[in-house]
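Going down the list, the sequences are from chains Z and L. Going by the numbering used here, the first sequence opens with residue 1, and the numbers climb by one from there. Going by the numbering used here, the second sequence opens with residue 1, and the numbers climb by one from there.
Quick caveat, the hints were computed from the structure, so don't treat them as lab data. A quick note: this is a predicted structure, and the numbers were derived from the prediction, not measured. In this text, a Cβ means the ideal position worked out from N, Cα and C, and glycines have one as well. Be aware that one or more of the hints could be misleading.
[Stated by the list, open to error] If you want the footprint, here are the derived chain L segments under chain Z, 3+ residues with CB under 8 Å: (1) 308 to 317; (2) 328 to 336; (3) 452 to 461; (4) 468 to 474.
[What the hints assert, rightly or not] Partner residues are not named here, just some residues of chain L that face chain Z (Cβ under 10 Å, in silico): (5) ARG304; (6) TRP345; (7) SER348; (8) TYR421; (9) VAL465; (10) ILE477; (11) GLU479; (12) GLU489; (13) ILE501; (14) ALA503; (15) SER505; (16) LEU551.
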Amino acid sequence: MDHITLTINGQEIKATRGMTVLEAAQSADIYVPTLCHYPDLEPYGGCRLCIVEIDKMRGLPTACTTPATDGMVVTTESDAINSVRRASLELILSTHPCDCLECHRRERCGPYDICLRHVAVTDRCVVCPSNNNCELQEVVDYIGVHELRIPRDTAPRTIDNSNPFFDLDRNRCILCARCVRACQEITGVGAIDMAYRGYGMKVATFGDVPLLDSICRSCGECMVRCPVGAITPKEPAVPEREVKTVCTYCGVGCSMYLGVKDDKIVSVRGDEEGPANQGRLCVKGRFGIAEFVNSSERLTTPLIRKDGRLVEASWDEALALVADKLGKYRGDEVAVISSAKSTTEDNYVMQKLARVVLGTNNVDHCARL
Amino acid sequence: MTAAKPDNGNKQRTIFICQGTGCISGKSLEITEALKKAVAEHGLPGVKVDFTGCHGFCEQGPVAIVEPEGIFYACVSVADVPEIVESHLRDGKPVERLFYKDPVSDEAIPYHKDIKFYNMQQRIILRNCGRLNPERIEDYIATGGYESLKKCLKEMTPEQVIEEVKRSGLRGRGGAGFPTGMKWEFCRNAPGDQKYMICNADEGDPGAFMDRSTMEGDPHTVLEGMTIAAYAMGSSEGYIYIRAEYPLAVKRVRLALKQSEEKGFLGDNIMGSDFSLHIHVKEGAGAFVCGEETALMASIEGKRGMPRSRPPFPATSGLWGKPSNINNVKSLATVPVIIAKGADWYASTGTEKSKGTCVFALTGKIANSGLIEVPMGIPLRKIIYEIGGGIPGSKKFKAVQTGGPSGGCLPESYLDQPVDYESLAAAGSMMGSGGMVVMDEETCMVDIARYFLSFTQAESCGKCVPCRIGTKQMLDILERICRGEGQPEDIDLLQQLGENIKAGSLCQLGQTAPNPVLTTLRYFRDEYEAHINEKRCPALSCVKLISFYILPDKCQGCGICLRNCPAECIAGDKRMVHVIDQEKCVRCGTCLEVCPERFGAVVKVSAEKVDVPDEPIPVTAEKPAASAT
């Protein structure tokens with residue numbers, strides 16, 4: 001690896017060539033506020049919060065877009081930076097329901113409490129699905145904004161709740177474009193983009209039709225990256241614990257964490273360490289697991305038909321029956337079809353069984369039918 | 001003038017009609033047709049009817065020049081054609097009533113060369129505009145066109161070309177003023193198998209039409225400059241990004257490309273060398289921000305036109321991630337002249353740091369509005385009062401705005417400042433791509449700041465926070481002030497917002513958008529204070545802050561105002577003093593316009609109460625002396 005050394009806030013930092021200044025700072029646990037940056041997306045430079053001062057560079061470059069170079073001297077805090085950074089944050093807040101951010105009682109307030117400050121329900125952090133999981137809240141706490149010097153724009157903006165799995169509430173959107181970039185860079189679908197210009201800019205589909213009528217595949221990669229509560233699941237839930245597993249829907253083998261609450265699956269999260277998916281999931285994995293796992297019609301034991309009736313049986317019983325029956329056939333008398341829901345390893349074993357044990361090449365797979 | 005003898009049209013004459021966009025909208029196409037028809041009907045063998053691109057004097061359009069005499073006709077219409085043909089083209093007697101009249105002396109000036117608007121200019125970029133037929137490559141070649149390209153290909157190495165342009169001191173005419181030669185050198189030295197040469201013709205400043213006129217009037221010079229640039233940096237593919245709202249420029253550039261390829265000045269192995277260049281036209285879809293180089297390249301790539309942060313600079317990673325160079329139309333149009341006449345010749349014009357000439361679209365409250373090219377360093381006063389002919393209607397000069405919608409407004413004390421990159425920047429404005437708007441005492445500086453900000457706000461791409469939201473906040477405050485709802489703290493808030501937007505925005509659009517506000521706060525703070533503290537608009541321009549009154553000692557009760565008032569808010573009767581209902585009045589100013597000058601009974605005031613009766617009362621004013629008519 002090609003190593004470089006740079007100085008951030010007087011601290012010498014070893015970084016890898018190709019890193020941005022922001023990545024170098026983060027690698028050394030130096031916090032630089034940002035809202036539009038996301039690790040697996042291309043640098044954007046839209047929120048302007050990660051501005052820094054760099055020796056021999058003009059103005060206030062953004063750390064997220066500036067490549068780190070050897071010998072660079074970076075400052076992440078100064079009066080000039082803080083003034084501009086704070087101004088940008090106030091501008092963001094002027095278009096976001098944020099009355100709770102200014103409230104000293106925020107920590108102690110719940111969604112059903114009566115707000116003594118008479119703040120509209122839609123303007124309260126505590127009713128937002130992303131409350132306490134909101135990057136904007138973090139940034140506001142870091143920069144320390146308690147009041148806005150500019151008026152808030154409370155004009156209602158459109159909500160798209162056509163998608164069966166998640167809602168797009170533009171009232172909370174800060175236009176960081178993470179969702180748009182995820183849809184383009186991660187999934188390659190490009191169902192959403194920034195539409196219109198200037199202050200009228202918004203996240204929209206082609207032709208500004210509802211998400212459900214667009215080419216959106218409902219994978220939810222946008223939702224995962226939303227720093228605020230603009231794209232949120234239809235049924236948001238905070239799990240008690242998480243269980244790591246592999247998605248059973250297809251053979252890709254996406255690693256995921258299932259969130260459990262009251263012995264039910266309430267959430268799904270892609271495992272960023274998962275070698276097959278690197279945190280990404282499709283609509284089935286992200287939104288389709290809980291439905292069938294929690295279904296009352298789901299089979300939980302093998303069934304054997306006895307006298308025309310399906311009767312619950314043990315695995316030993318069932319496997320013995322299958323072995324007994326299959327053992328009577330060889331070669332072209334038998335064909336094997338395996339499932340796309342099985343892992344590659346399972347399918348490998350299945351074809352081995354067909355070829356070696358049953359002596360047949362009649363092997364196929366439901367994903368090819 | 002001596003009366004000429006009729007020569008029956010045997011004398012060789014060519015009448016050139018301007019077919020720039022401005023004159024075409026004034027029906028110059030019809031005039032050309034009518035002239036051709038009339039010349040044919042009169043059977044004048046020596047007379048040719050031809051056309052040129054923009055002359056720059058659009059104020060006087062449609063314009064025509066008769067060569068070889070150099071007689072200049074202004075404001076020509078189809079109805080003038082018979083007289084021009086019979087009197088001038090046939091009988092050799094120029095039509096005096098169509099001569100241009102000097103706005104200062106009111107003297108009719110027959111010859112093009114004597115018109116101050118033209119003879120004070122020094123034309124390098126626009127040297128051929130209005131002088132040749134832009135749709136004939138032969139005309140361009142006849143003026144020495146493509147000789148510079150030939151010289152580069154046959155006698156100069158790419159490095160020598162770059163060195164020559166560097167020595168000339170040419171700086172980017174798109175606004176930023178970066179040395180052109182250095183830009184080429186960066187791109188030449190950047191590693192990469194494919195390099196792109198891009199011409200930025202996405203001129204979007206309101207009122208600016210320098211690039212359009214250059215492309216419409218002399219497209220080949222742009223192509224030649226582009227080809228030389230591509231040769232210098234080793235590029236084989238080029239793009240001209242022209243906004244689609246310039247259909248004539250697109251048409252003429254496409255035609256020029258075709259002709260140039262046919263003559264072997266473009267395409268493979270140009271002029272027998274091993275240098276090849278293919279140029280494509282890309283039409284912009286109407287976003288102002290696409291004039292920003294990274295947004296322009298995103299647009300060529302088919303993406304949403306949004307700028308991105310630099311570094312990496314386009315010279316190392318531009319169009320499709322390849323080393324790219326992007327130059328403005330005017331910069332490229334200058335290049336063939338620098339090669340032909342040499343860097344020293346070019347550098348002898350201008351100031352120490354700003355060499356050569358610059359083109360301005362002179363508009364606003366000015367007698368001669370149009371396109372001018374002047375040497376760098378010329379004082380603003382000379383542009384406004386000599387070339388521009390001063391402020392019409394003997395009004396007082398108030399401010400001049402340079403640099404397009406993001407430029408600053410400079411007051412009278414800056415009129416003797418030289419026009420160059422450094423001086424304008426020091427004054428809080430900028431060179432920009434060449435807009436120059438002159439304002440007189442009737443222009444409200446708060447309103448003008450509001451206007452420019454409403455433009456940049458609407459044209460912000462929306463990518464970065466300060467530009468998207470900050471300009472909206474500033475605009476809201478300015479609108480409030482213009483409505484008389486400003487608060488004392490608004491001035492500080494505007495200043496803070498402006499400075500933070502300048503420092504925090506991603507691209508030049510946001511970084512310069514607050515300039516009109518910041519400069520008017522700097523030079524015309526009293527106007528802001530009058531609006532906020534006294535609810536008064538000193539220029540009597542902000543509709544919400546002005547009132548119209550009919551003076552009881554002057555009104556003759558003629559009823560003209562009453563009949564013309566669109567809001568029907570004037571009460572009165574014959575020989576009764578008329579009264580405006582201030583509640584219902586929409587402040588359109590119609591009453592002031594229609595009140596006969598000899599009465600002068602309507603006044604426009606701001607934050608001032610005029611003593612008028614509540615109801616119409618009998619007229620007491622004495623009848624003014626009957627007018628001369």
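For each hint, the structure was consulted:
no. : hint       : in the structure
1   : 308 to 317 : holds (count 4)
2   : 328 to 336 : violated (count 0)
3   : 452 to 461 : holds (count 5)
4   : 468 to 474 : holds (count 6)
5   : ARG304     : holds (6 Å)
6   : TRP345     : violated (33 Å)
7   : SER348     : violated (31 Å)
8   : TYR421     : violated (16 Å)
9   : VAL465     : holds (5 Å)
10  : ILE477     : holds (9 Å)
11  : GLU479     : violated (12 Å)
12  : GLU489     : holds (9 Å)
13  : ILE501     : holds (8 Å)
14  : ALA503     : holds (5 Å)
15  : SER505     : holds (7 Å)
16  : LEU551     : violated (41 Å)
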